[in-house]
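Generate the whole structure from the sequences, applying the supplied hints.
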Amino acid sequence: MEKNKYTSPLSTRYASDEMQYLFSEEFKFKTWRKLWIALAKAEQELGLAISDEQIAQLEQHQDDINYEVAEAREKQVRHDVMSHIYAYAQQCPLAEPIIHLGATSCYVGDNTDVIIIKNAAQLVLKKCAQVLKNLQKFALAYKDLPCLGYTHLQPAQLTTVGKRATLWMYELVQDIEELEFRLSKLCLLGSKGTTGTQASFMELFEGDEEKVKKLEALIAEKMGFSACVAVSGQTYSRKVDAYMLGALSGIAQSAYKFANDLRILQSFEEMEEPFSTKQIGSSAMPYKRNPMRSERICALARYVMCDALNPAMTASTQWFERTLDDSANKRIAVSEAFLAVDAILNIYMNITEAPVVYEKVVTRRVMEKLPYMATENILMESVKRGGNRQQLHERIRELSHAATARVKLEGKPNDLIERMAADAAFPLTMEDIRAQLDPALYVGRAPSQTVEFCREVVEPVLARYAGEEIKSELSI
Numbered sequence: 098m099e100k101n102k103y104t105s106p107l108s109t110r111y112a113s114d115e116m117q118y119l120f121s122e123e124f125k126f127k128t129w130r131k132l133w134i135a136l137a138k139a140e141q142e143l144g145l146a147i148s149d150e151q152i153a154q155l156e157q158h159q160d161d162i163n164y165e166v167a168e169a170r171e172k173q174v175r176h177d178v179m180s181h182i183y184a185y186a187q188q189c190p191l192a193e194p195i196i197h198l199g200a201t202s203c204y205v206g207d208n209t210d211v212i213i214i215k216n217a218a219q220l221v222l223k224k225c226a227q228v229l230k231n232l233q234k235f236a237l238a239y240k241d242l243p244c245l246g247y248t249h250l251q252p253a254q255l256t257t258v259g260k261r262a263t264l265w266m267y268e269l270v271q272d273i274e275e276l277e278f279r280l281s282k283l284c285l286l287g288s289k290g291t292t293g294t295q296a297s298f299m300e301l302f303e304g305d306e307e308k309v310k311k312l313e314a315l316i317a318e319k320m321g322f323s324a325c326v327a328v329s330g331q332t333y334s335r336k337v338d339a340y341m342l343g344a345l346s347g348i349a350q351s352a353y354k355f356a357n358d359l360r361i362l363q364s365f366e367e368m369e370e371p372f373s374t375k376q377i378g379s380s381a382m383p384y385k386r387n388p389m390r391s392e393r394i395c396a397l398a399r400y401v402m403c404d405a406l407n408p409a410m411t412a413s414t415q416w417f418e419r420t421l422d423d424s425a426n427k428r429i430a431v432s433e434a435f436l437a438v439d440a441i442l443n444i445y446m447n448i449t450e451a452p453v454v455y456e457k458v459v460t461r462r463v464m465e466k467l468p469y470m471a472t473e474n475i476l477m478e479s480v481k482r483g484g485n486r487q488q489l490h491e492r493i494r495e496l497s498h499a500a501t502a503r504v505k506l507e508g509k510p511n512d513l514i515e516r517m518a519a520d521a522a523f524p525l526t527m528e529d530i531r532a533q534l535d536p537a538l539y540v541g542r543a544p545s546q547t548v549e550f551c552r553e554v555v556e557p558v559l560a561r562y563a564g565e566e567i568k569s570e571l572s573i
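Numbering (our numbering), first residue to last: 98 to 573.
There's no promise every hint is true.
Cβ-Cβ distance ranges computed for the label pairs, FRET-style [stated by the list, open to error]: (1) 336 x 291: 51 to 61 Å; (2) 556 x 190: 53 to 63 Å; (3) 121 x 100: 16 to 26 Å; (4) 278 x 160: 31 to 41 Å.
Everything labelled a hint here was simulated from the structure, so no lab data went into it.
In this text, a Cβ means the ideal position worked out from N, Cα and C, and glycines have one as well.
So this is what it looks like as structure tokens:
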């Protein structure tokens with residue numbers, strides 16, 4: 098790495114080598130050559146005078162790109178596609194006359210972009226599924242552990258640690274389904290020509306529209322797609338990028354929600370992200386255990402959510418059949434969105450491989466608030482034994498406010514249970530009241546909801562991505 102030049106942190110610190118390769122120059126230019134070969138083969142199959150020897154020569158040099166020739170040529174002609182055609186022709190002199198025959202630059206440029214998006218989205222889905230798998234294991238392990246539920250970040254009714262994890266999982270399931278849908282609709286640009294009319298191919302095939310249509314079908318098949326777009330100008334609609342980055346933004350939103358929740362739970366000391374033996378939490382405060390991985394997820398997620406605006410604006414400003422103000426923005430916005438989401442998922446996988454739950458802290462915090470939550474059950478049990486519901490309700494109100502004042506003003510433990518047991522209005526003993534203080538009585542269907550959700554919703558998703566587990570190794 099050159100120390101005297103800017104390098105993107107997405108490359109040096111965050112994104113995986115696998116995702117970076119998909120957006121590399123090498124992958125792009127090798128795909129260009131695959132597209133030129135697919136075009137030549139399709140044109141030959143449809144009757145154009147292209148020999149087996151010409152195609153064989155193209156295939157022989159598909160992967161050994163002579164970059165130095167292309168780079169030197171581009172300095173002269175200022176055109177990347179023409180420079181690579183020239184370089185390819187230097188290696189394949191027999192095929193020189195038929196390379197890029199009938200095509201425009203967007204044939205290789207836009208089709209390659211679609212192929213990159215397809216591969217990158219598939220990698221994102223694979224990593225999303227691994228996160229989901231990690232969270233499912235966690236949810237089932239803690240499905241029965243009662244914890245405080247929160248509304249407005251204030252203690253509310255109880256839930257369980259595992260049930261809370263299903264909330265993170267359900268958002269991720271929706272993100273997976275959204276990205277799968279977008280992938281199912283992804284088509285190649287095909288061979289549309291300079292303004293999308295396929296005029297050059299109509300000339301090549303002497304006006305035979307069926308052959309021109311068949312040409313695209315053959316190219317799509319050879320490149321692993323079911324179809325090309327129905328109509329276009331010179332480029333594929335930039336709304337494709339907007340849709341894709343919208344789906345990536347959804348993943349970022351879900352990851353942010355998880356990471357933010359974990360940061361709060363770590364502040365409560367109920368949960369903690371993995372913390373390595375030699376990890377330093379603060380340069381000034383050696384005792385600190387900051388949730389730095391979760392914080393990084395949030396930081397990168399904000400970037401992705403903002404970045405998703407770029408292709409929306411680009412799509413809205415395309416003039417007629419083609420303009421070029423998409424190019425510089427597109428090559429930054431699309432690649433960085435995928436790289437950033439890849440980084441987010443790497444961290445998300447890493448955290449969910451070994452999240453820490455401090456069960457005794459979770460239970461202590463539940464028991465501090467449980468007396469309030471148990472009052473309705475205590476009230477009902479007292480009425481069953483002859484108590485007056487309205488009078489008891491008023492006494493609970495008075496006693497609970499007094500207990501709250503003791504906690505907040507005097508810093509003493511919550512003694513609401515003791516106050517009720519000592520109050521003659523309640524026909525219950527201390528043992529009777531304590532019988533109502535089992536947290537499991539107040540979690541509703543949380544455990545069974547967790548099991549049902551994993552079985553009915555998560556397992557069908559994971560079945561689509563069955564295979565070797567992915568482990569995330571963070572560089573920092």
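Against the structure, the hints come out as follows:
Checked against the given bound of 51 to 61 Å, the beta carbons of residue 336 and residue 291, roughly 21 Å apart, lie outside it. For the hinted restraint 53 to 63 Å between residue 556 and residue 190, the CB-CB distance of approximately 57 Å keeps it satisfied. Take residue 121 and residue 100: their Cβ atoms lie about 21 Å apart, and the range 16 to 26 Å holds. Checked against the hint of 31 to 41 Å, the C-beta distance between residue 278 and residue 160 comes to roughly 33 Å, which is consistent with it.
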